[in-house]
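Protein chains in written order, with the numbering used here: chain A, -1 to 287; chain B, -5 to 388.
It cannot be assumed that every hint is accurate.
Chain B is faced by these chain A residues, among others (derived, beta-carbon under 10 Å) [claimed, not checked]:
| # | residue |
| --- | --- |
| 1 | Ser10 |
| 2 | Ser56 |
| 3 | Asn120 |
| 4 | Asp128 |
| 5 | Ile129 |
| 6 | Ala140 |
| 7 | Cys144 |
| 8 | Ala147 |
| 9 | Asn208 |
| 10 | Ala214 |
| 11 | Tyr251 |
Using 20 Å as the maximum straight-line C-alpha spacing, the simulated SDA-like pairs for lysine to any residue come out as follows [unchecked claim]:
| # | chain 1 | residue 1 | chain 2 | residue 2 |
| --- | --- | --- | --- | --- |
| 12 | B | Lys200 | A | Trp259 |
| 13 | B | Lys218 | A | Ser258 |
| 14 | A | Lys118 | B | Gly98 |
| 15 | B | Lys370 | A | Phe124 |
| 16 | B | Lys218 | A | Tyr251 |
| 17 | B | Lys218 | A | Phe255 |
Please keep in mind that the hints were generated in silico from the structure rather than gathered at the bench. For glycine and all other residues, C-beta sits at the position ideal for the given N, C-alpha and C.
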Amino acid sequence: MYYIDLAVTGLSFGCMYAMMAVGLTLVYGLLRILHVAHAAVFALGAYLTVIVANATGSIGLGFLAAIAVTPLFGMAIYRLLYEPLLSYRPDVPMIASVGLLVLMQDAFRIAFGEQGVTFKNNIYAFRIYDIAGVRVNAVQVAIVVCAIAVFIGLHLFTTRTRIGIAWRATVSRPKIAASFGVDAIKVRYLNFAIGSALAALAGGLIGLLNNLVDPAIGYVVSYKALAIIVLGGLGSVRGTLIASVVLGMVEAYGTIFIGSWLNRDAIAFLALIALLMIRPQGFTGARAT
Amino acid sequence: MWHQLSKASGLARTALVGLIGFLAFALVAANPANAEIKIGFQAPLTGFAATDGKSAKIAADMAIEEINAAGGEIGQKLQLIPYDDQAKSDQAIFTANKLIGEDGVKLVVNASYSASGRAAAPVFQKAGVVMISAYGVHPDITRAGDLMFRLVHLGPPQGRAAALFIGKDLKLKKTSTITMDNDYGQATMDGFLGAAPQYGIEVLNKYSYSLTDRQFGSIVASVKRDNPDGVYATGYFFTGGPLVAQLRGGGVTAPIIGSQAFDSQKFIDIAGPASEGTYIVDSFDRARNDTALQRFFAEFTKRAGYPPENVAAISYSAVMLMADAIKRAGSADPAKVRDALAATKNYQLLTGELIGFNKLHEVIQTISVNTIKDGKMKFFAKLGDLEAFAPPEK
Chain A
-1 MYYIDLAVTG
9 LSFGCMYAMM
19 AVGLTLVYGL
29 LRILHVAHAA
39 VFALGAYLTV
49 IVANATGSIG
59 LGFLAAIAVT
69 PLFGMAIYRL
79 LYEPLLSYRP
89 DVPMIASVGL
99 LVLMQDAFRI
109 AFGEQGVTFK
119 NNIYAFRIYD
129 IAGVRVNAVQ
139 VAIVVCAIAV
149 FIGLHLFTTR
159 TRIGIAWRAT
169 VSRPKIAASF
179 GVDAIKVRYL
189 NFAIGSALAA
199 LAGGLIGLLN
209 NLVDPAIGYV
219 VSYKALAIIV
229 LGGLGSVRGT
239 LIASVVLGMV
249 EAYGTIFIGS
259 WLNRDAIAFL
269 ALIALLMIRP
279 QGFTGARAT
Chain B
-5 MWHQLSKASG
5 LARTALVGLI
15 GFLAFALVAA
25 NPANAEIKIG
35 FQAPLTGFAA
45 TDGKSAKIAA
55 DMAIEEINAA
65 GGEIGQKLQL
75 IPYDDQAKSD
85 QAIFTANKLI
95 GEDGVKLVVN
105 ASYSASGRAA
115 APVFQKAGVV
125 MISAYGVHPD
135 ITRAGDLMFR
145 LVHLGPPQGR
155 AAALFIGKDL
165 KLKKTSTITM
175 DNDYGQATMD
185 GFLGAAPQYG
195 IEVLNKYSYS
205 LTDRQFGSIV
215 ASVKRDNPDG
225 VYATGYFFTG
235 GPLVAQLRGG
245 GVTAPIIGSQ
255 AFDSQKFIDI
265 AGPASEGTYI
275 VDSFDRARND
285 TALQRFFAEF
295 TKRAGYPPEN
305 VAAISYSAVM
315 LMADAIKRAG
325 SADPAKVRDA
335 LAATKNYQLL
345 TGELIGFNKL
355 HEVIQTISVN
365 TIKDGKMKFF
375 AKLGDLEAFA
385 PPEK
């Protein structure tokens, strides 16, 4: 029973991390930029969800608002921050990205207060389901369901639709895709739009799960998500999912056995180091060039 | 005279204006009636601890305004010289040096966290500056010297009081403990673990988490397996809130006792219905029938947009106490203010009655326990057994 509880916890963590990290790996796959400011997009999504939900009384509307608005923010980041810096070494846009993240975190604090914002009527986090002795709340179920839906959706999108195939082509064979008439710029905007929308969804779900959106909410995303996409194989969506679940499980079980002398993050990164030493290209290998 | 002035050469004109300006400045600076008593103030106004820093600053400003509206102390107004230490040691030392060197401050209220307060204390002691630590709990703060004072119970006495409350008042035997792995969380838990056997409490298991954790799935599963009579947890409202919500969500029904920093309306907001019945040791009795407290409560809530917690109340009281010491000493000289502070007896802080300071300038004060009932913070019990949680003498 105890170990099943831990497995459910691990899965829950894993799906959370997967949702946070997928947008990041999409950007790296296309532009080879470590989009650290993804954490700011995530946090913006969380704030929009809670503020609109509190203002309108509908959590669903909160999510819709976040998913509708953050892609614009994400695309703006590409256009204003990354596009001008693309001709430089990859660490230049990454530094700019770090700068934006630091700025945004203080901006959230000034705009929305240091104490953070809680949902006025968070029915889902307190709705508990008892499934054969394992207790989960509605938001945890939603996170797992969303993670599965997102990954299946992305897979179908990139293999069954014209736009999706064009996107995949631009990522793996940009010159050939261009010669087929695929507009690389439109693909980039699409990439940021989808990645940001997914970050917003993840942010809203985490905010709902914790019943608290505070300026530090992007903190975990800013470093752990980066580690996860490296572990998964930079640019690989499938790899990100695998790495997320593996890391979630390691944290869930690891903190029980060695949690007294190493905290959760230390355990996660120790596992990361070990796994990367065994397999430096990540779970699904380097992206094809 | 003016047309003669305009005829004079540019250099002579400049010199004359400079001389007049200097004389005016010297007159103002030398006039004691205009001089203000500077009270240095360090708080985390930005960074991860900005929540508490903002509360402390608003409260300190309120205190200064009130004191000055009543005419100041010893015929002089008080002036707050605030600095942002971001709750970081290096910033604490940097701003302490600024207060000493640039601002010439001799009396300081430190309304910051343990790590930063601990870094600033020896700097002030060496410079002969009196410092009151409003809520920083690290033991080294008062150990830095005789000019240091602390207005809040140390972590270990708070933990010992929790053991007394859990063992004697709640009569719970088997507990699981959950510690936040920073100075504050660990020091408080150490006090609890040390005193637990004395009250017949058996600690089943100890768990820990970090300041940035918000998801406690593994701890919840483990506590469920332990099946304790009670759970004692240290942390802040933004970790305690999710922790309590998840413990209840996971099916843990045993009473949960939290540490001082749980004590905030935000804790109730975050944990929602799960907050009901949580006990908080060394809490702030907000509803106490005290006009000064109720007036502070209303004014602070108006200014800040949220109700005051312990940090706000104790920061306000720290400034008030410093002013009171200046009055009793009849001077702003640090050595005299230190003596007046050390001699304080039965002074009413917003957080309760300060019976006095001990040799190490730690507070001798009763500890109250709050509980959450019907979604509101309510006073539950007062622990008067001062011996049980007496602070250290050195």
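Here is how each hint holds up against the structure:
1. Ser10: 6 Å, holds
2. Ser56: Constraint on Ser56 (chain A) not satisfied, violated at 18 Å.
3. Asn120: The hint holds - Asn120 (chain A) has a Cβ within 10 Å of chain B, the shortest such distance being about 6 Å.
4. Asp128: Holds - the Cβ of Asp128 (chain A) comes within 10 Å of chain B, reaching about 8 Å at its closest.
5. Ile129: Constraint on Ile129 (chain A) not satisfied, violated at 12 Å.
6. Ala140: 14 Å, violated
7. Cys144: 16 Å, violated
8. Ala147: 21 Å, violated
9. Asn208: Hint holds; Asn208 (chain A) Cβ to chain B Cβ min 5 Å, cut 10 Å.
10. Ala214: 6 Å, holds
11. Tyr251: 8 Å, holds
12. B:Lys200 - A:Trp259: Holds, at roughly 11 Å.
13. B:Lys218 - A:Ser258: With Cα atoms ~18 Å apart, Lys218 (chain B) and Ser258 (chain A) stay inside 20 Å; holds.
14. A:Lys118 - B:Gly98: 48 Å, violated
15. B:Lys370 - A:Phe124: Holds: Lys370 (chain B) and Phe124 (chain A) sit about 18 Å apart, inside 20 Å.
16. B:Lys218 - A:Tyr251: Holds. Lys218 (chain B) to Tyr251 (chain A) sits at ~15 Å (cutoff 20 Å).
17. B:Lys218 - A:Phe255: OK: Lys218 (chain B) and Phe255 (chain A) at ~16 Å, within 20 Å.
The structure fails to meet hints 2, 5, 6, 7, 8 and 14 from the earlier list, while all remaining hints are met.
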